[in-house]
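So the protein sequences, as listed, match chains A and B.
Take the position in the first sequence, starting the count at 1, then add 4; the result is the number in my numbering.
Take the position in the second sequence, starting the count at 1, then add 4; the result is the number in my numbering.
Honestly, the hints are just simulated from the structure, not real lab data.
Some hints here could point you the wrong way.
[Said to hold, decoys possible] List of simulated lysine-lysine pairs, PhoX-like, C-alpha gap at most 20 Å:
| hint | chain 1 | residue 1 | chain 2 | residue 2 |
| --- | --- | --- | --- | --- |
| 1 | A | Lys6 | A | Lys154 |
| 2 | A | Lys23 | B | Lys23 |
| 3 | A | Lys164 | B | Lys154 |
| 4 | A | Lys154 | A | Lys23 |
| 5 | B | Lys154 | A | Lys65 |
| 6 | B | Lys6 | B | Lys154 |
| 7 | B | Lys65 | B | Lys23 |
| 8 | B | Lys164 | B | Lys23 |
| 9 | A | Lys154 | A | Lys114 |
| 10 | B | Lys65 | A | Lys65 |
| 11 | A | Lys65 | A | Lys23 |
| 12 | B | Lys164 | B | Lys114 |
| 13 | B | Lys65 | A | Lys164 |
[Said to hold, decoys possible] Output of the computed footprint for chain B on chain A, the stretches with three or more beta carbons under 8 Å from beta carbons of chain B:
| hint | segment |
| --- | --- |
| 14 | 74-85 |
| 15 | 167-178 |
[What the hints assert, rightly or not] Reference listing, derived: stretches of chain B covered by chain A, where coverage requires no fewer than 3 residues with Cβ under 8 Å from a Cβ of chain A:
| hint | segment |
| --- | --- |
| 16 | 41-55 |
| 17 | 110-117 |
| 18 | 157-163 |
Every residue, glycine too, gets a C-beta built ideally from N, C-alpha and C.
Number of protein chains: 2
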Amino acid sequence: MKPETNQRVRQQTLELLRKAHIAVTPEEAGAIEVADFGLDDIRRIGLELLVYRNDERYCAKELVILPGQTCPEHRHPPRGEHTPGKQETFRCRWGEVYLYTEGEPAVAPKAALPAAYRENFTVWHEIILRPGEQYTIPPDTLHWFQGGAKGAVVSEFSSKSVDETDVFTDRNVRRVHPAG
Amino acid sequence: MKPETNQRVRQQTLELLRKAHIAVTPEEAGAIEVADFGLDDIRRIGLELLVYRNDERYCAKELVILPGQTCPEHRHPPRGEHTPGKQETFRCRWGEVYLYTEGEPAVAPKAALPAAYRENFTVWHEIILRPGEQYTIPPDTLHWFQGGAKGAVVSEFSSKSVDETDVFTDRNVRRVHPAG
């Protein structure tokens, strides 16, 4: 991602947080992560994250999804023998998000995917989340999501985040944390 | 607590959530807990809670604190031999909250307590939280908090909530969940 693209997406993320009336400190604003999953196509495939807390016991963050932006399909596998995969509760705070997971596929899903990516999305059970609505994704369950026309701000409450072990359907995806 | 008091506090809670721009479903509005800790003095000692999720892995809720209302001093002891007590991250969303925990006591604390209750508050290390600011309370650590002049809305991210096992300094406190 070009530095100027990163900068523009960061500004847009702060603007969506502002629309959602979510207060962030200047230090937090600087720590927002713009994740392009190694695909360098941030406006179509990507996600913006502000992590509040992540430790062995729990994790809380805001997810900011640009209009029409898609977080690629993935699952959170078990961690070792005794720890089940990450469980996540998504709570929509602002905007609208189309969430897809395992189960009966939607006949006419709201999300639209670019043809180039479509084969990497295999689950189509649709949950539409509007402000105040939430959904919990069980461990090790495939899911992906797309922001609505105005984008979305979603609080994620979960067990510990260990992004490096996430399993993506698209083998081109690289989920790494930026240096620094 | 009289039913009409409960009803008025519930309305005030919804009004504070509205000021904080936190969307809640009608079902959630009906499920808000008004906790008077058995002291029947809700405007001075109490707390309002909207639980989003609480299971073995994590808990997330909004705490609504009326202007000048105080949540009594308590700690979360270990659960059995292998589970440390509840750990909590408080993130102020709106208003101002004065949080007190173990450590160097404040010389001129912001919180004011009615004389009748004062002996049940023993820790005075002060953390002031304004919107966007957060603080994590370690397990089994005494703490209490009071809402500022306008009240406060605080997101709590934590390990599992098991309120029934909380240990309060005031032995008159009864922390029970309302029937139904």
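These are the hints, each one checked on the structure:
With a C-alpha separation of about 24 Å, the suggested pairing of A/Lys6 with A/Lys154 is violated against the 20 Å cut-off. Only pairs whose Cα atoms come within 20 Å are accepted, and A/Lys23 paired with B/Lys23 is accepted, the gap being roughly 14 Å. Between A/Lys164 and B/Lys154 the CA atoms are separated by roughly 34 Å; this puts the pair beyond 20 Å, and the hint is violated. Simply put, A/Lys154 and A/Lys23 have alpha-carbon atoms about 10 Å apart, close enough for the 20 Å limit, and the pair holds.
Restraint check for B/Lys154 and A/Lys65: not satisfied, since their Cα atoms lie roughly 26 Å apart, outside the 20 Å limit. Of the supplied pair hints, the one linking B/Lys6 and B/Lys154 is violated, its CA atoms being roughly 24 Å apart against a limit of 20 Å. Under the criterion of a C-alpha separation no larger than 20 Å, the hint pairing B/Lys65 with B/Lys23 is consistent with the structure, at around 17 Å. A distance of roughly 28 Å separates the Cα atoms of B/Lys164 and B/Lys23; the hinted pair therefore is violated under the 20 Å criterion.
Taking the CA atoms of A/Lys154 and A/Lys114, the gap is near 14 Å; set against the 20 Å cutoff, the hint holds. For the proposed pair B/Lys65 and A/Lys65, the alpha carbon gap of about 14 Å is at most 20 Å, so the pair holds. Using a Cα cut-off of 20 Å, the hinted pair A/Lys65 and A/Lys23 holds, with the two alpha carbons roughly 17 Å apart. Restraint check: the Cα-Cα separation between B/Lys164 and B/Lys114 comes to about 30 Å, which exceeds 20 Å; the hinted pair is violated.
Among the hinted pairs, B/Lys65 with A/Lys164 is consistent with the structure: their alpha-carbon atoms are about 17 Å apart, no more than 20 Å. Here the segment 74-85 of chain A counts 0 residues with a CB under 8 Å from a CB of chain B, which misses the bar of 3, and the coverage is violated. Check on the segment 167-178 of chain A: 0 of its residues sit with their Cβ under 8 Å from a Cβ of chain B, so the three-residue criterion for coverage is violated. A count of 0 residues in the segment 41-55 of chain B with a Cβ less than 8 Å from any Cβ of chain A is obtained; the coverage claim is therefore unmet, three being the minimum.
Beta-carbon proximity to chain A at under 8 Å applies to 0 residues in the segment 110-117 of chain B; the threshold of 3 is not reached and the given coverage is violated. Proximity of the segment 157-163 of chain B to chain A, defined as three or more residues with a beta carbon under 8 Å from a beta carbon of that chain, is established by the 4 residues found.
Hint compliance for this structure: hints 1, 3, 5, 6, 8, 12, 14, 15, 16, 17 are broken, all remaining hints hold.
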